[in-house]
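For chain F, the structure is supplied; the task is to place chain H on it using the hints.
Each chain, written out:
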Amino acid sequence: MKHLILFALLVTPALLRADGGTVRFSQVQGPYRVTLLTSPVSPRAGVVDFSVLVQDAATDRPRYDVPVRLQAWPAGQPQHAVGGLVTGAGTVNKLYRHVELDLHEAGEWTVTVRVSDAAPIETTLAVGPPLPGWLDLLPWVVSPLVVIVLFVIHQRLSRDSHHPAA
Amino acid sequence: MNPVVDAFLASWPIDPALWLGLLAPAIIYARGWLWLRQRDPKRWQRRHLFCFLGGLSAILLALGSPIEPFAFLFLQWHMAQHLLLTMAAPPLLWMSTPLFPMLRGLPAPIRTVWVVPLLRSRPLRAFFGRLTHPVVALPVYVAVTWAWHLPGMYDLALRSDGWHYAQHAMFLAAALIFWFPVIRPYPARPRWSRWLLFPYLILADVQNTALAALLTFSDRVIYPHYATMPRLGGISALDDQAGAGVIMWVPGSIAYLVPLFALALRALFNPEVRKPAGRVPLPMVQSRHVDLLRIPIAGRFLKWKHARLVMQVPMLAFAGLIVYDGFTGPESAPINLAGVLPWVHWRGFLIIGLLVIGNVFCMACPFMLPRALARMVATPRWGWPGGRRHKWLGIVGIALFLWSYEAFSLWDSPWLTAWIIVGYFITALVVDSLFRGAAFCKFVCPIGQFNFLQSLMSPWSVQAKSSAICSDCRTKDCIRGNETSRGCELDLFVPHKHGNVDCTLCLDCIHACPHDNIGILPRVPGSDLYDDRMRSGLGRLTKRTDIAILVTLLFFGAFANAAGMAAPIVAWQESLGISRMASVSVFYLLMLVALPVMVVGLASHFNLRRAVRFAYCLVPLGFAMWLAHYSFHLFTTYDAVIPVTQRFALDAGINLGQPDWACACCRPVGGWVLRFELLALDLGLLLSLYTAFRLADRSWRSAAPWAMLLMVMFAFGIWIMLQPMQMRGMMG
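Protein chains in written order, with this note's numbering: chain F, 1 to 166; chain H, 167 to 898.
One or more hints might be untrue.
Reference excerpt, derived from the structure (chain H facing chain F, CB under 10 Å, subset only) [unchecked claim]:
1. F238
2. R710
3. M877
In case anyone wonders, no lab produced these hints; they're calculated from the structure. Note that CB positions come from ideal geometry on N, CA and C, so glycine has one too.
One chain only, chain F, in its complex shape (with noise of 0.2 Å):
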């Protein structure tokens, strides 16, 4: 029972969703409010998915007319910095732009958003340790174990209709 919950717990966090996620900050800097997201929820070493809205600070309005700009380096090593233009390319949900990165290292890592020439945001993101690339396989390998399973069950209840209890 306990390697089930650790299973559930392992993979339910690793499920991607496409952009959106968790809010890691929502503040005002300059004319603008910048939001960020990331998702997975609580980021595993790999690749993550940070989507930024940012809306004009007095009317709430979304603002796609200013470039933004994410890095993110392991904590206390900006020479690591990984980073990219965030764009709208690829979101599910058009309010966002975003950006995946590869955060290759689990521990603390700074994420720094820069709207157009505006002062960096910087936050810090907790990344954990990747899954085990097992893992990712595990639903391919063990998926005959459930078809057999429901197989037996619907042996017993066939077997119940073809004779019916006296």
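Chain H alone, transformed into the frame defined by chain F:
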């Protein structure tokens, strides 16, 4: 326009699983509804179809439209999504009276073998009957609704896709249970008083109102997720929550009160008459042939007498080019046609052809053309010696091929590849010049034996359309032939031919039949493995030791052939410290002799009859292993043919461009390839287990040793797939 509205209208989630999950029932229902409507248009009206499609559309709107991404931003949209799942889709689906159309729309084997026994199951019917009784259905519905509206549960669903799916699935399931007693779709019979539905719907409305009021009048944000979300359009989180409460309150109440009003009207003006509970007959099942030969262009082509020749000629040309390049081209396999086309493309297309259609290679086999020419000159006089009507020559040929493939690195030698092809032509010519019929195909050809057995997994088969017409037929042209076409050269008499074993898809029987009573009809893949009828030209499969050994050889050969390119196996062979020929021979002795004798012996308690009977359960998993292996090469190296062709053309003085050898070089293997391989093995294992179960006459105990064998080999197959592979036929 407002940028938020713009973004909303453009935010369409892409979820192929959802679309497929809704499209499949729509097609099944429509198919069944059409069939039923043709027979009883008064009962099966258009409104039923519209209701079903409307119900599915409500689910699509909830989960596959901009409502889905915006549900994470606004509680109002999330509430609308839940109302669609609980108050729009379920009643519409039940109003479509889905049971009979869905049942009728399913393919016959699925309906009869899998679904009908479940519908007849007494425990299942009793369980469903209790679950849909108003006294149970209402508490279930209320419990699910309230549980998922607890702040902790609601936030859990918003944090994880998995829990969000679970929430939606539970809402939909609970709502289907709730609305069943209200709609009571045909053929459900009344098991409770109609008056019971009045408190039922009123109580449902009361709890809905209470929950809605809680949301509407709360002075704090109940779900913390929405408090953290960016606000848009000047709507605060609290306003959003109140709006969600109103959506739940007003449309929700209408959803309960409208049926309540309708029930009241019916109770007043149409008093209930309890009809005696009688058995409701299931719709009659009639089979209708789907025939590949009826497909507009392809079917007409296949029925054409010279269709096979038209397919064989290009194959012969390819064989000629491969042989020419094998003898005269560079000796490096990745840049020679003989090193790429047979080992990457031909094998890949052969196995995929078997999976999708059937034995298409034998249909287009080029080795038959020279013998056809020879037979124009002289007719063979001898029949194949009666005592040797078996597959032993084919078995020896396959074992030799599997061993020599590794021992002589055939994939790496265009010159040897060319010689194999030439040898094939010569052997076919000699055998068929001496013996009547298709002696080479039936008794000698290793490729043919492979195809015959693997085509047991094919979805199509040459069969008689009507057994009555065959019974009345006096001329039996399909086997005897006539002046326009020869009969079956493999001694397969179509009325008694079951499955694809020994069928080369030559279509001679189809051309010969004067009644147009033979088609290429669908069959359940693998179903012939546990069907031990007398087969024309074969007898009973469980009496054919030679075929059972062939099956076993091909099963273990599939694993040996794939394992031979896995790095740990290659390293193990090298660690033996003997010559490559010797280490490969040791490996193949272990894999093709020692291992089969040991595991099949153990599974059958060293009883030959039992081993022969159960050997057929190995076919699906073996096929899956061949499919995984050969498709791996095809999917990872499919474009290697381009530079090789360019190189060949340049050598011949034709400029098709400079070869880009990057296409023939190692590249990262896409993750989907491994998943495809695992999926193939999964399905192969399941079908093999089912075959063992059927061969054991549904006895779990008898099937258990074979199930163990299959599970062990499945695990071995997974291990092979996860190993680093030598990328053969590619530049290292």
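query = Holds or violated: is the Cβ of F238 of chain H closer than 10 Å to a Cβ in chain F?
reply = holds (5 Å)
task = Using Cβ atoms only, decide whether M877 of chain H comes closer than 10 Å to chain F, and label the hint accordingly.
result = Holds, because the Cβ-Cβ distance from M877 of chain H to chain F comes to roughly 9 Å (cut-off 10 Å).
Per-residue hint verdict: R710 of chain H, partner chain F, C-beta under 10 Å = violated (29 Å)
Of the hints listed earlier, the one the structure fails to meet is number 2.
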